[in-house]
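Starting from the known structure of chain A, fit chain B onto it as the hints suggest.
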Amino acid sequence: MEKNNKTTGKVVGIVANLVTVAVDGPVAQNEICFIAHNDERLMAEVIKVVGVNAYVQVFESTRGLRIGSTVAFETHMLEVTLGPGILSRNYDGLQNDLDKMDGVFLTRGEYTDPLNREVKWGFKPLAKAGDVVTAGSWLGEVMENSIPHKIMVPFKMDKRYTVKSVTAEGEYTVDETMAVVVDDEGLEIPLTMVQKWPVKMAVRAYKNKPRPFKLLETGVRCIDTLNPITEGGTGFIPGPFGTGKTVLQHAISKQAEADVVIIAACGERANEVVEIFTEFPELDDPRTGRKLIERTTIIANTSNMPVAAREASVYTAMSLGEYYRAMGLKVLLMADSTSRWAQALREMSNRLEELPGPDAFPMDLSAVISNFYSRAGFVYLSNDASGSITFIGTVSPAGGNLKEPVTESTRKAARCFYGLSQDRADSKRYPAIDPIDSYSKYLEYPEVQESLKKSAGEGWLDAVIQTKDILLRGKEAMEQINILGDDSVPIGFHDRFWKSELIDFVILQQDAFDDIDASTPMERQKHMLSSVLKVADTEFKYKGFEEVSVFFKEVINIYKQMNYSEFNSEEFKKHESNLDSLLKGRMN
Amino acid sequence: MMESQAFQKIYTQLINMTKATVTLKASDVGYDEMAIVDGRKAQVVKLMGDIVTLQVFSGTEGIPTNAEVTFLGRPPQLKVSDDLGGRFFNAYGDPIDGGPEVEGEIRDIGSPSVNPVRRKQPSQLIATGIAGIDLNNSLVSGQKIPFFADPDQPYNQVMASVALRAKADKIILGGMGLTNDDYLFFKNVFQNAGALDRIVSFVNTTENPPVERLLVPDMALTAAEYFAVDKNENVLVLLTDMTLFADALSIVSNRMDQIPSKDSMPGSLYSDLARIYEKAVQFPSGGSITIIAVTTLSGGDITHAIPDNTGYITEGQLFLRRDTEIGKVIVDPFRSLSRLKQLVIGVQTRADHPQVMNAAIRLYADAANARTKLENGFDLTDYDERTLEFAKVYSDKLLAIDVNVDTDTMLNISWELLSKYFSKAEVGIKQEFVDKYWIEK
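Residue numbers (the numbering used here), protein chains in the order written: chain A, 1 to 588; chain B, 1 to 441.
Accuracy of the hints is not assured; some may be wrong.
What the hints assert, rightly or not - As a list, the in silico EDC-like pairs of lysine to aspartate or glutamate whose alpha-carbon atoms are at most 20 Å apart: (1) 430(B) / 576(A); (2) 41(B) / 68(B); (3) 262(B) / 408(A); (4) 48(A) / 24(A).
Keep in mind the hints are simulated off the structure, nothing from the lab.
Chain A with its partners taken away, still in its complex shape (with noise of 0.2 Å):
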């Protein structure tokens, strides 16, 4: 979309955010333009054009814009600006560096700049005069926080270069020319260590991408455990409100074993992004003993901030992923939620007058969704180093119902499920992971099988299927009790069902705000579902129903009180030991 002379235009009509401009040249589809207003100027994204009518979303108030106002357009698409300096930085949706912003209330038409253009990174060259390297190839790196930040080649060159020089290990700041290339035609091309991407389009700078194959632990016992994610894997949280979607995903954003982890607050609450601008620089990456933040990008869009830059922040949290992702680095992208964005899209719609689909939905929206979704994944790059985007996506079902336009499009795009139950939120048992329901299309992955012998022991897929077998029998047996009556049916199934409240109650309950029970590493995880199961496959003996649900209450509560203790503590070794006579004392 390379063009000469600048288009300008001027501004036909106004409804709401969506501007009507007349323009006097050629403008490309998502072209980014601004709209001249008094003393500021309002940035705006080209969505359709009729005739010589461009239709602009406004990232901005509207208020007070007139008939006439001059608009200039960029030639470019929306983009974010990549380099060293991104990670540990609050972002709007538009990549405005939100601490950079002064006053208390965002200015309309201000914006700043992602990056800090005086500090100096330290930066060590990995290329050198005669290589030849294509978009995405590292030049060299520079250390950000403890994340050794590769130098590329910008992924817009989609050419051959050859090397001729690359920059002396030094301190340099991002402007200066790291290296220079030179391409077939002998053209010399300077590079520094910013370059530019348009976000709505996919980084492909990777030789290829299989099938995500390696679990990605994340502390929490219900997904590893029992449905666990992937490297590179996709994952959706559909729960209505107040079922735990964002206590959830605040959990795995702290503990996920990733380097790098970006969080896109879309058009949700601000006092929750407060809490991770709080919280994570005073907490300890368990892996690095340094502080979460510094290995966190967050992308603030929240819903009191201009709808059509809510859209754009999912895929501006994306486009740095993806960045992160070509430095060989595992990345794990968080959104909350995707169907604020599904609504800023509605909306968008909506103004333009187009037919709507199902609940007023774009007709493309399962499109739109699915192209998202795939630009996660596991890929190998033109080095042969590994990096991975793991995506996770909360939806907020309308009303609840799983069947809505928005649940349904993602369920076709993501490969793990994992929906929050009312019931299960309203009993106070979190997370309120429906364990029947929910799934990780991963199990089923003969190389994800594999990597889970390899990792976590020979019979652990056995084990994990054995769990879901527990819990399936006992709510089949918690329904027959309901129906005949605790009496009326054999022991064995008050048996069955409080064998399925155990594994409940010890595996899938898990206290977030517990210190030590929030996280529980997979070594862990192994030795609970182990002695776990040893429970439910022993046969004890009671003489009436009533003892079943007293004995397992007690059971229970001794194993809470070892997901409380330290792992291996004394303490814990002391409630297992108390754990082992009250079990034989049931045996015989």
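Chain B in isolation, oriented as in the chain A frame:
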């Protein structure tokens, strides 16, 4: 802000008219600008070339095509100063209590959002004395939370007592579609409490045109921001009834020929509501805005678009329900939730608070299961019987809205009940708390 023009052009030719809008040819008009059409207030909602569409708040009944139209060159505004205290205004910010115009600084309503990085994490408990709130769903200043209630429930009464006990520096009432009786109720309660000077009210009653309601939350919140930002005060904003506000939104969107989404609500309902509720904030300078709202339900249905979208925006909801066992209205512990309670419970309140709260609610849930068993004609176990007895006393002594005690007392009552009806294993609370608070029989 734009300057008002010295010379105001008068237009006298309407080209289109609907029930709520008029269209005319005019130039140099700003989007969102206010106008006067035949003496009625109106606002620009669409500009297309020189064709301007105005939404007339009170409807277009009786407006002739040659009506006089003038543009005011500014969005809706409110004059703010300390003189707002004790006054009652309509949706346009004009006094309705017979008092004089308020002098003060002119502010546009519907101001920009707070930069999220400039917010402070809410951390100050708001005690109400109602255990269904303080014990199970503690409120925090800077929070936004609605009551979900059927129209026959006493939500306005509960809200008024919460407001008066909350020790806020200012209380701002935004009344939308209030019946005249409820309006007088609030006026009396505030007057009797001797609190009138710290209360500002913006009221749209059922006697006023429904579309005017759309201005009420922004008026109330503009006043709130004045006190919270300029005066560093803790401001409590009461918005009742947000369902009627949303109904007005759907009326407008319908008249603007927009395609409705779920339950005939506009597709932008979420953003429209979020814009209001997100004004709740804790400022670093000490001031805060807390919003307590009312969303009336139809037959307890929370899947309707209005409560559903609200639930996704607000930091929890307080659910009122009549408990037939004890014949009182209670704060339902299952459906109610305060998302910010984690910031204060066990921190500003006693350390055992979170665990006691969860254990009691779980046992109360077991009682609900026991009741189902009973209704289905099954025998109850000893445990079932005990949960039922517990539930009744728990409901009466703690959940009922007529409770007024401090949080420590609520916790003590909880321990009394837990110890009385259950064994330690059944309660399943961390050992250190059981050791400290369990009352041996």
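Here is how each hint holds up against the structure:
Only pairs whose Cα atoms come within 20 Å are accepted, and residue 430(B) paired with residue 576(A) is accepted, the gap being roughly 16 Å. A threshold of 20 Å between alpha carbons decides the hint, and for residue 41(B) with residue 68(B) the separation of about 12 Å falls inside it, so the pair holds. A C-alpha spacing of about 16 Å is found between residue 262(B) and residue 408(A), which places the hinted pair at or below 20 Å, so the restraint holds. For a cut-off of 20 Å, the pair hint linking residue 48(A) to residue 24(A) stands: about 16 Å separates their Cα positions.
Of the numbered hints listed earlier, not one is contradicted by the structure.
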